[in-house]
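Undergrad: The lines below spell out each chain.
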Amino acid sequence: MIDTNLLRTTPYFTGLRDADIAAVSGRVFVRTAERGEILSFEGERSEAVYIVVSGVVKTYKTSADGKEQIFRIVRPGSTFNDAPVLSDSFNLVTVEAMSPVELYGVKQADMSALIAEYPVIARNAITVLSRRVQDLVTLVEDFSFLHVTGRVAKMLLTYLRPDAEHPRLTQQEMAALIGTAREMVGRSLKNLEEEGIIRMERNRIVIADEAALRKMAGIAG
Amino acid sequence: MPSIDAELCEGCGLCVGVCRCGALVMKNGKVEVLAVNSCGWCGLCELVCPTGAITCPYEIIVEDGRT
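Protein sequence lines, in the order shown, are assigned to chains A and B. Start counting the first sequence at 1; every next residue gets the next number (the numbering used here). Start counting the second sequence at 1; every next residue gets the next number (the numbering used here).
Keep in mind that the hints were calculated from the coordinates and are not lab data. For every residue, glycine included, the Cβ atom is placed at its ideal position computed from N, Cα and C. Accuracy of the hints is not assured; some may be wrong.
A short, non-exhaustive set of chain A residues, derived as facing chain B with CB atoms under 7 Å [to be verified]:
no., residue
1, Val-53
2, Gly-55
3, Val-56
4, Thr-94
5, Met-98
6, Ser-99
7, Glu-102
8, Lys-154
9, Thr-158
10, Arg-168
11, Leu-169
Here are a few chain A residues that face chain B, going by a calculated C-beta distance under 7 Å [unchecked claim]:
no., residue
12, Leu-136
13, Tyr-159
14, Arg-202
15, Ala-211
Next up, chain B with everything else stripped away, as it sits in the complex:
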C-alpha cells in the first residue's frame, strides 16, 4: 500500500481529492489508507503531495521471481 509518513503529513487532503480509487481517507487530520486492495498504484497521491508524506514505491524484480 502507499507509504505514509504521518509526521510529514500536514492534512491538506490533496491526495484524498485526487485518488480515483477511494483508497485514502482523512482521519484526525492525517491521511490513512482506507482500502489497501482498492489502490491502483497510479501515483497521483505522491505527485500532488506537497510535503512528500505519501509515496508509492516500487519493488524491482525479474520475471522468474529472482531478486
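Chain A with its partners taken away, still in its complex shape:
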C-alpha cells in the first residue's frame, strides 16, 4: 500500500496535485530489505529509482584492495539510483541497506513516462540531480585540496588532554575542526593506525608514536 501523503513530500513528487499523486502512486512499488542486503550493484543496469521510506542505506564504491568510499548516507525521504535511471544507464555505485528498510520504487520506463507527462516531475528531477552535482563537487574539492592526515595529526596533539577545554571528540567534530569530511577523518585515522602511529581502542585514540605524529603535523622537536 502506497502512502500518498508521504509520496507528495518526496523530492520527485513534491508540488503535484492530489489527482496527479493518485495517478503517480499507481506506478510506484514497495520493496523491503534486511540489513546488509545489496539493493543495487555497481555496473549493473539500473532498474528503478528508489525513495527511502524507512531505515537507511549507503551508496559506496570499493577499491581493488577492499577500501570502501561512502558517497552518501540516504535517510527517509531521500532517493538513490537517480542518475543511472534518468540516463537509462548503469549503476555508478553499490547500494546497501544499513538497517531493515522499506523503499518506494519507480521503474525506469515508468519514470520516463511520468517525466513526459508531468513537467513538475521533470523540474524536480533537475533539482535532485543538481544537488547531487553540488555534493560531488564538495567531495572532489576536499579530496583535491586538503592534506588531511597532517591536519588530523595536529588535531590529535591539540586535543590530547580531555577536559573542559579539550573535550572528547566525535569523528564528525574532528572533521568540522579541520575543515574536511567525516569520511576523510576516518580514512586518515586508519592510515595513521596502519603506520603504527596511533591505535584505535573502542572509545579511545591511543598515540603510540608521538614523535612521528609531531613530524606528520609539521611540529618541530
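Starting from the structure of chain A, add chain B where the hints point.
TA: Quick look at chain B alone, frame taken from chain A:
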C-alpha cells in the same frame, strides 16, 4: 558508551536499526543504551542520526597513559 542527547532525539529509530551490536533500544520514543559493553564503537549510529542526538566521542591519550 555512546552519548545521547534526549532532547535532540526525535525517536526515528535509525540508530537502533543500523546497530550491529544490539546495544541500543527505543524506550518511550527515545533511544537508550541497552548494553554498554556490547557497543563496538563503530560510529554507525552517529553517522545515520539526522539530528546529532547520538554521538561516539573519542578520548585522545598517549601510549604510557599520560594525557
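Undergrad: Give me the numbers of the hints this structure contradicts, sorted from smallest to largest.
TA: 1, 4, 7, 8, 9, 12 and 15
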